[in-house]
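Line by line, the protein sequences give chains H and P.
Quick note on the numbering used here: the first sequence kicks off at 3 and runs consecutively.
Quick note on the numbering used here: the second sequence kicks off at -7 and runs consecutively.
Honestly, the hints are just simulated from the structure, not real lab data.
Where a beta carbon is used, it is the ideal one built from N, C-alpha and C, also for glycine.
One or more hints might be untrue.
Unchecked claim - Pulled a few chain H residues facing chain P out of the computed Cβ check, cut under 7 Å: (1) GLY93; (2) PRO95; (3) LYS97; (4) ASN605; (5) VAL637; (6) ASP646; (7) ASN661; (8) PRO663; (9) THR730.
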Amino acid sequence: MKFNLSMLQNKTRVLFLLCILMFAYFGCSNINNSDGTISYNKHIRPILSDKCFVCHGPDQSQRISGYRLDLEEFAFAKLKQSPNEFGLVVGNPSKSEVYQRIISHEHDYMMPPPDSKLALSEDEKNIIKKWIEQGAKYEPHWAFTPVKKPSVPKAMKKNWTFSEIDQFALAKMEENNLKPSEIDHDLPLLKRMMHDLKGLPPSLKEMEEYTKNQNLANYEKMVDKALASPQYGEKMAIFWMDIARYADSHGYQDDGLRTMWPWRDWVIHAFNQNYPYKKFLSWQIAGDLLPDANKETILATGFNRNHKITQEGGVIDEEYRIEYVTDRTNTFGKGILAMTFECAKCHDHKYDPISQKDYYSTFAFFNQIDEKGLVGDISLASLADPPYMTITKEDRQGILNFISKLDTGDVRVMVMKDSTSIRNTHILNRGAYDQPTEVVRFNTPKAIFPFDSLKYEKNRLGLSKWLFDKNNPLTSRVFVNNIWQEFFGNGIVKTNGDFGLQGDLPSHPELLDWLAADFIEHGWDIKRLVKQIVMSATYRQSNTFANGSIAVDPENTFLSRGPRLKLSAELLKDHIMATSELLNPVIGGPSVKPYQPKGLWENATSGRGQLATYEQDTGDKLYRRGLYHFIKRTVPPPSMLIFDGANRDQCEVKRSKTNTPLQALVLMNDPQVLEATAVLSNTLSKKHKNQQEAIFEEAFLRIVCRKPLAKEKDILNKYFASVQKSMTKEKAQKLIKVGEKMQNEKIENPIEVAGVMQTIQLIYNLEEASVR
Amino acid sequence: MIKKDTNPFFENRLNVNRRYFLGKLGVGLGGLALGSLLMKDLFTGSPEDIASKIQVGLPHFAPKAKRVIYLFQNGAPSQLETFDYKPLLNKMFGQEMPESLRGGQRLTGMTANQTSFPLVGSYFKFNQHGSSGAWISELFPNIAKIADDICIVKSMHTEAINHDPALTFMQTGAQQGNRPSMGAWLSYGLGSENDNLPAYCVLLSKGRGNGQGVYSKLWTNGFLDSKHQGVQFSNSEERVLYLENQDGLSKEDRRKMLDHLNEINNMQFEDVGDPDIKTKIEQYELAYRMQTAVPEITDISKEPDSVIKMYGPDCLIPGTYASNCLLARKLSESGVRFVQIYHQGWDQHGNLVNEMSGQAKDVDQASAALVQDLKQRGLLDETLVIWGGEFGRTNYGQGSLTAELYGRDHHPRAYSIWMAGGGVKPGLVYGETDEFGYNIIQNPVHINDFHATMLNLLGLDHEQLIYKHLGRRYRLTDVAGHVIKDLIA
């Protein structure tokens, strides 16, 4: 690299940095339990899994030496290659080949081998040594052990804890020398809760109602009201749409239109009706196979048809049919079980006990529908490939009366329907559709939880019963963890798509198990779980960094602060629509096409199909909630993607959280935002004639959900005054005539409205405005 | 401007945060290059920025190329009408392809039911060019003139036989999607050279030939941070989405707004202490700088006539391939790490002669001009230019068959691309196919090898450019790939 003089001038910084590095290095060496014991799950397995299991783990094809270190039953056996040696000898590192090899520097002897580019740190070597000295005790992987309800710890601090969640959280804080933050009783708490439950900010009226009595009882009243509102279902549907990879187009190159939106209507309905998770998920997995199946339970199975479907003429049918079954299997793995099933498609899983045979045994459940890889190319414009269900007007007046009435014609929705005969499922060599080998039976990975084929039907119905067997270790843990992530930003297990051996350990294992067990005990009641979380003191803590915890816990793993999260792409739109009173509150129906920069679809299309050009909607449809934005898979809406919205290509369980200049540009220049700003400015200018202070106070309260401080008011007024200095009538007209709504609006005092608009735009751009 | 926060307490909080992120690196510490420790971002960037950069500790060794411009010919141009000269196919016109060649190669659904596979030779004439004597068809008179500057690889091969998976493979190193594309890997590994521009820009254009769409997943960040996603430039006057202020609002007005906005945001930071607030303030400043920088860089009106002449008159029409080539040069010159051009319309299942003539006319002059332009600016040495599609085309005809009217189906086993600059050996023709142009007989280059070689030119070891996601270490080259040393100067 080029040598740069300015580097030398930064000498002090370099020194400082080196100090940091040394701290970081030595800082992490102290990781054994407080009593000095080494835990296999906590300390050893993460090292072995990361550095050793690739060749000494579950993947048979990679075990060149034949030695297996991931299972206790093999780890202590004599080594095949040198029968007098043992991989591990209890209490004796010097006789344990594992230890001898990891400390060796001999090229042909050392482990991991140099060409693997993996290496153990000195710390890691010491920990392994200690572990062997202490008896080399193995423990089963936490996520595969049955859920047992642990006893609730008695935390020290009185007058703080209110619920079991809090006891667990506080005990963990104390373990880590952290103090909880103050409980927040102010409007920001109301804002957080309303965004989390309804996806909308509190209205002025709700804020007023709450401020009259800022206490727990009143807060609970507001929580109950939010849970009972139909917007709750809309908010909850968003994360489930990510898991279910919901979209309005088929994907792949021609990317034609599809009509899966009635399935989305059902999801909203199911959350609002508070279907227990057992019913909610069982119907989606096997609603067509239930003895009392009906059109609603069948509609729910659309979950497994939300994957992409090709319309590219010339593809090989079987290749793509296999692709769809693969997508279902992987979604089942990641979204429902938090297991990286996809890694076992081409070979045995390298870390987790999922063999390639296990993979195809699970695959078999989803491999039974009469479907084709390619029904017809884009010219056929198939909105729903078979099998599908037709929703008629009668259905919408009857059993499917929750479906939006916006669209009056019959609608076809893709659903699951098994073939009358069983299709043999083969292991596919290297995952290739044209290399079928051994035939497998319906099964699931037995190390996770065996599939008892005497007890369960050998189809998806049986699979759904397997999921909800009281001993299945994953179903409840995974769902509870995903819900937790919705409220705290991270799950108790941060890698919420991977509960396997390479995933993170739970930060609060007992809390996770308690929640999972409690969830099952109370009939998989989702609203109850949600209420437990938002009523907890842990959730209601102030989310400032005032308690100094940032230094030791910047990611808030130990929950000593309330969660401070950015609004998701959808909720940001909702926030802007709601606060400007533009929001169109209609629930459900086909997706909408709001403002979007010109040419995006047109530049990327093959030119075929109904979605070659973007035909923007007009009128009220522009102001629908974000979750109804039309998702064309090859060109998802940019304002959503820029704010980390999912592209719905595959199942996603966690969105990234970025902070980019493009986000700033959207908030400053997107007509959707500008229009809302102009509308709100006009409304408030009429309401508080010539009283700028009152205007800004109300705008601030609506958008930031608290009253502005005196200093903030000063800055806003100062800004308004300076804006008005250079405001002309002509300029004002240009600024306020933005978006459809403002075109025909009669503006009494454009100069004032334009100035107010600039100031309110500033408020919309405040960091606090898009955080809850 | 941003108020510099001098309060030692807050300074300390930020530093503590950096320490935390450094602490998270664990394994990376040993291999940390001092160069990356000294990068300026360490004290100004967000903690995530720093972590993501240091994690990699890059480049691994001295790079030859600093930037890439990828001229992607979307739809798969036929190698047999461009760079892979097979006179035997003309001689054997209409005769059945020997079954022995196929060796189990699967066919697309479009020709799988064809009962006959008649060979067809190029309608276009080939001539030898440059000191290497490279065979180049008459479709590309301008590219032929730079034969000594380019390196033609005739032995590229892939596994996919349909556009979507093949494009995805070419861009991300895997067929299944949702993995980071090349540009995202480079943005992650090497960052941006210009603080006012995205590291990875995407430009789209379309010819009149049979088109296949492009998809935003081709420039996806996959599991990498979304700031590594390619930024698609639009063909309208507003090159970056949402870049322009509302009509009526001046740059001074925007500055005023940001100054007041920063004031309140800073107050909020002092009250709350969340480092994200600081990052947000910085991102607004970057957005503001982009508002000036992007229009300046994308303005081609000030280019001298000689340059316009070189790229051809089309370069003045926004959205054409020629205009995108010129824009690519300007972006690259300004430090954009990876400029990806897609030119659609190369899928000649029928009417190949007519369609390819049009497509070649779109791209020939401007592609050659880009190489020459970089060369005369002294930038070619450090800029890797790549030209090519996602697979090749069959040596037998699809559909109606006369010497002037024929088509070709998809063919994964062999296709041609060319590269220039960036440390690639100029004037080289690499790899050979058999006399039927069906199978590679010498020096095959798999997509993974191609990626490994490209990364090597940029100073990156493809086995060490790693991102750990859901427990697995991912690479652009997945689990394969060898650097083709013969291609490197």
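Structure-based check of each hint:
1. GLY93: violated (29 Å)
2. PRO95: violated (23 Å)
3. LYS97: Where the cut-off is 7 Å and the nearest Cβ of chain P is about 28 Å from H/LYS97, the hint is violated.
4. ASN605: Status holds, d = 5 Å.
5. VAL637: Since the shortest Cβ distance to chain P is 6 Å, the answer is holds.
6. ASP646: holds (6 Å)
7. ASN661: OK, holds: H/ASN661 within 7 Å of chain P, min 5 Å.
8. PRO663: Holds: closest Cβ of chain P sits about 4 Å from H/PRO663, inside 7 Å.
9. THR730: It is violated, given that the least Cβ distance between H/THR730 and chain P is near 9 Å, above 7 Å.
In this structure, the hints that do not hold are numbers 1, 2, 3, 9, in rising order.
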